[in-house]
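Going line by line, the protein sequences match chains V, E and B. According to this note's numbering, the first sequence holds residues 1 to 283 in order. According to this note's numbering, the second sequence holds residues 1001 to 1254 in order. According to this note's numbering, the third sequence holds residues 2001 to 2290 in order.
One or more hints might be untrue.
Reference listing, derived: stretches of chain B covered by chain V, where coverage requires no fewer than 3 residues with Cβ under 8 angstroms from a Cβ of chain V [as the list claims (entries may be wrong)]:
#, segment
1, 2060 to 2072
2, 2106 to 2120
3, 2222 to 2235
4, 2249 to 2261
Hints are computed from structural coordinates only; laboratory data are not their basis. We treat Cβ as the ideally placed atom computed from N, Cα and C, and that holds for glycine.
The lines below spell out each chain.
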Amino acid sequence: MSGYQTGLLVILSFNVIAAYAVYLPLSAGQLNLGIAGFMAMGAYTAAYLSNELAWPLTAAIPAGAAASCLLALVVAVPILRTHGIYLALATFALGQVITAVFLNLEVVGAAAGYQVTTFTGPATVIAGAAGVLAFMLLLSRTRFALYLTAIKSDPTVADLMGINVRGMQIAAFAIGAAIAGLGGGLYGHHFSFVEAQHFSVALSVYTVLYVLLGGTQTVFGPLVGAAFFTLLPELLRASQGWRYVFFALFIIGFMATRPQGLITADLLRVFRRSRRAPEAAQP
Amino acid sequence: MSAAPALTLDHLGKAFGGLRVLRDLSFTVRAQEPTALIGPNGAGKTTVFNLVSGVYAPSEGRILLGERDITHMPSRRRIAVGLSRSFQNIRLMSHLTVIENLIVGQHVRASGLLDLVKPFRLVPNHRWRREAIDALAECGLEAYADESVSALPYGIRKRIDLVRATLAGASLLMLDEPAAGLNPTETNAMRAHLELLKKRGVTLLIVEHDMHFVDQVCERVIVLNFGEKIAEGTLAEVQRDPQVRSAYLGDEAA
Amino acid sequence: MIAQQLVNGTMLGAIYVLVAVAFTLAIGVLNFLNFSIPGLFMVGGMGTWILMRLGWHWSVAIGGALLAAALIALCVERLAYRRSQKSDPEVPLVSSLGFLVLLENLVLATVGSDQQPFPALVPDFNLRIGGLVIGAAQIISLVIAVCLVVWLSIMLRKTSLGRQIRGVAENRDTAILLGVDVGRLVPQLFVFSALFTALGGVLFALNYLQVSAFMGEGIGFKGIAAMIIGGMGSVWGAVLGGLLIGLTEVLSISYIGADFVNITVYGLLLVLLILRPQGLLGRAAAREKL
């Protein structure tokens, strides 16, 4: 594989991890517009642990994910009291605050950025993304995932069915944050550098954008969305500076004609049925 | 019938702001005695359901399920003590398939942490799925198992809503207008379905406008008007009641 | 000196007010968080700069930029808002974001990513009161912002159009039943909203003498914060929120440090969202759409 291809695959991996971090709470109807803040939490925690305390990578990166998850649990209680647009904006503000705090934290280099001494290669990043994907595929076959969709559809009925709506929402939010933290930890160790400016509003917002582009009805939507978002600008590379113009036009046109996203439940059902049909035909 | 009380409303009242929609309402639904709650539009029937299921908190009075006071029990715990309901405007989860809706309906019987995180849908024909399919098959609906809910006809959705409400294994089932909007064939299927539930010992409490349907399904009738109980008894008895006749202006109940 | 900082904060706040009003019109009436507004802010400033470089007189250039913003807003209405009325609440948010990406990258591809110097149109005249220094551009911004907000507030209360807008905000279905032509009213609202934010962009350029492809992002997002702090859908809330954010920003820059701005501004927003989600002057929303 060429360096270019590997580089692209690494970016795709980071985008896939971020996509699932956004997707999980979104499948319960909660829009997290501050995912970059949780990535920053994971990135800085992991970097600090491996730099200053000489933790091995295998401990530092999961610890970064855990720190991000913990932060989410702490803020979930007040933040998830808000709903809909208020929740989206609360997470938006939270993301900004987290990033700004790291921007001012001298112990991790503040605005100058933070060098990470341990390096991890593309293989780890790709394995991380594959791990997240496998985890999400497994999770999508559980009651938990079913309940999240049920809550998104109708929280009142879900509650009357005996489901702990708030508990499920907090869990989805916190697991999403842990995934974001994992992505952040991998990011810092792969690029050997963490700077708060990277974890911007744009990062959060673009992630949400390609998750919705892929579609939130099924677990494959975010994967397809991330792949699309990574690869389409590359395909448009020939158009140079204009590629994001075409990309944006595509997004607008796409959402106007197919607002439910690329991959929908019905689409998968049709696909499965057509695959099952020939088998059923055999005696 | 001298069966034990399944549900008791004790001087129940509900006001929204200054508007009193229920006042001093007391009645008992006896176990395994299918009961109908009737009355003109706006009499407070659906409010009773919302209070009993915990969607609203009552302004005054108590609600007892069997012997147990559930007045202040959080709504989500009520299904675990044997209370289940359907909705007037069928509220199936539109993002889920039929079978997925039913699996959500099984929740109270599979609510451990392990049940929650087990990727059971990787196992072909897992017992939870099988059980849901069996429940569908009982009323001849198994063909719809993997359909998207939103695409199905009204009458089918209505019965799937009922199947879902039964899957929690509740002893008291509250149905809000089960026959409304159904054609004669669908109404017959619905009635057969309810007979099946009665045979299993489920106590039914039904809000319904179709008196023919009430007559066939229920043994007792409670009549509400303007948030108060105005009559109680068999359908024939309440139909003779002058208060009931005037509440209905002599048309429906006569 | 604190009085001077208060003056500067108020002047910056005036620009946030215009952006916050733009957001609040979209949210309060249409329940639509319109992420293209930061892009339209940039179109106001950058469009003026481009047209002036083409040799247009500044007054025509400003008019041209405002017209461009209004036309783009009509496209947003058609493609992002109207098409997604029956889908998930997040959809219009995504496509309006698409417009932000589009506008920024159009400028990026044609002008480049650098900050461009904006000519000083307002004479370098400073008003001195006591020890305070107030620039002419600052005064103009404040006067324009105040006039516009007062006009909007009167328009909403006194005119037939204003009553229709408030009717739709109150209950869309009832308003339609009462004969409000929503199909005509909504595009008008988008144009209003675009003009407010684009004018904010022009005033920003006049005050800070620079424009860039990304000038709308920081200001636009703080405009959202201002709108929420004031209370979504409330015009005077947007004014209060805009001034509060402007003051908070200027005071934190001078007393804590420039890098702390996001902590104070968004920290304020976060605390408010948790304690009083409906905002300082807002009423609790019954239903909302993203």
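Exercise for the section: List, from low to high, the hint numbers that the structure doesn't satisfy. Expected result: 1
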